[in-house]
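**Student:** Listed below are the residues making up each chain.
Number of protein chains: 2
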Amino acid sequence: MKNLSICLTPELIHLSDLKGKVAVVIDVLRATTCMVTGMAEGIPSITPVAQVEECKALQAKGYIAAAERGGKKVDGFDMGNSPFDYMEAAKTGKKVAATTTNGTLAISKSAAADEILIGAFVNLDAIISYLKAQEKDVVMVAAGWQGNFNLEDSLFAGAVAAGLEGEFELEDDAALATKVMYQAVKNDLAGFLAQSAHAKRLAKMDIQKDIDFALTLNTYKVVPMVINGEIVLA
Amino acid sequence: MKNLSICLTPELIHLSDLKGKVAVVIDVLRATTCMVTGMAEGIPSITPVAQVEECKALQAKGYIAAAERGGKKVDGFDMGNSPFDYMEAAKTGKKVAATTTNGTLAISKSAAADEILIGAFVNLDAIISYLKAQEKDVVMVAAGWQGNFNLEDSLFAGAVAAGLEGEFELEDDAALATKVMYQAVKNDLAGFLAQSAHAKRLAKMDIQKDIDFALTLNTYKVVPMVINGEIVLA
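From first to last, the protein sequence lines stand for chains F and R. Numbering-wise (our numbering), the first sequence opens with residue 1 and increments by one. Numbering-wise (our numbering), the second sequence opens with residue 1001 and increments by one.
Chain F on its own, in the form it takes in the complex (with noise of 0.2 Å):
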């Protein structure tokens, strides 16, 4: 049987061993979903960048260029880390350049593994079931919240541990905590989650809108993933 463990930040990741596995990473909050609404909605790819100058060197060679940081959109970039901008952008045919916070991070650190896919509840299914039709064995990656634990990351990884269990061995604690507190939860995602910090920090600025987007699920059936250090569909 394949297995499935959960690494719960990109702080951790030092205790994953990635080599031949299939890598997902998840920022719920807004990473990841902006990405894989960008990549439904048509953009070409996203190429992910740890820092904010390689993202601008990226704008200045045409690239739609993302830059987030603590939450905000930062000055002189065409856009911030809201999937409803991404939909704008993908109206445009051109490439996008991003880097955020926490989940462009957590991609770099999964480099070690064999692929690695962009996971949000806005693909929950489609994830579930590539991971299902694939042979390899799978880490969750968590991009957390500037290196500590989060909520909304790790209930899409329990809610994907609650989706593969039969066909995985849920391999570490961290499968079986995540799995039993999304079965907890599921029904009240939204009410469950407001109580997050991080969900209280976005609260403040304004985006409820992205919130109730991402905390939506399978709004697309995409699995983005990074070839060559970049984002396109599988």
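Derived from the structure by calculation, the hints contain no laboratory data.
Lysine-lysine pairs mimicking DSS-like chemistry, simulated, CA-CA at most 30 Å apart:
#, chain 1, residue 1, chain 2, residue 2
1, R, Lys-1019, F, Lys-204
2, R, Lys-1200, F, Lys-132
3, R, Lys-1186, F, Lys-200
4, F, Lys-95, F, Lys-72
Here chain F is said to cover these stretches of chain R; the calculated rule only asks that three of the stretch's residues, wherever they fall, bring their Cβ under 8 Å from a Cβ of chain F:
#, segment
5, 1143-1156
6, 1182-1189
7, 1193-1201
Glycine residues also receive a C-beta, built at the ideal position from the N, C-alpha and C atoms.
Let chain F serve as the given structure and place chain R on it in line with the hints.
**Tutor:** Below, chain R without anything else, positioned relative to chain F:
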């Protein structure tokens, strides 16, 4: 209102500000269960040490020396990491020195806190009562397993979070997550934990009796704390 946060593994302790706070160190299987048991049964003090060599040096000075690595007693020591060993040790009236894989490390990494308490299911209500009666913010420090998240310590953290809710603000997402997890499985703690990675490891070592003991709530009413490098009773 006082704040409660949870550090899910000592590997994340640098993200917690312990200064001026009470830390509760948790290593349910089995270090803190042993410590609570030993203190409640009458051991005058337990000195937690990080290294096997330090433990050996205290043995030479007349301490009963407990050393565990990877779940097993280290050769040449008086006892390993079973609460029943600690009950026997209590009958001698001697001091104990102890080193374990995860628990003693969690204690040493909590040194910045104002107070360090020793918690386990066997003294759950005593810990909750103590924390309610004092005035400081609290950080629960789960010992985990070799740096990683584990189920039993997180469940205990969640049990404390559930017990303190209303009087404490659940400050971080880990407190919310572990509380929900505990509430979902509290009626069958043993059944749920039997699935955990560490329980499976320990089951191979034939110490089911220790596990059953560790998962029994409120056997003791004591609150051990670390004072000047020794665990003593509050």
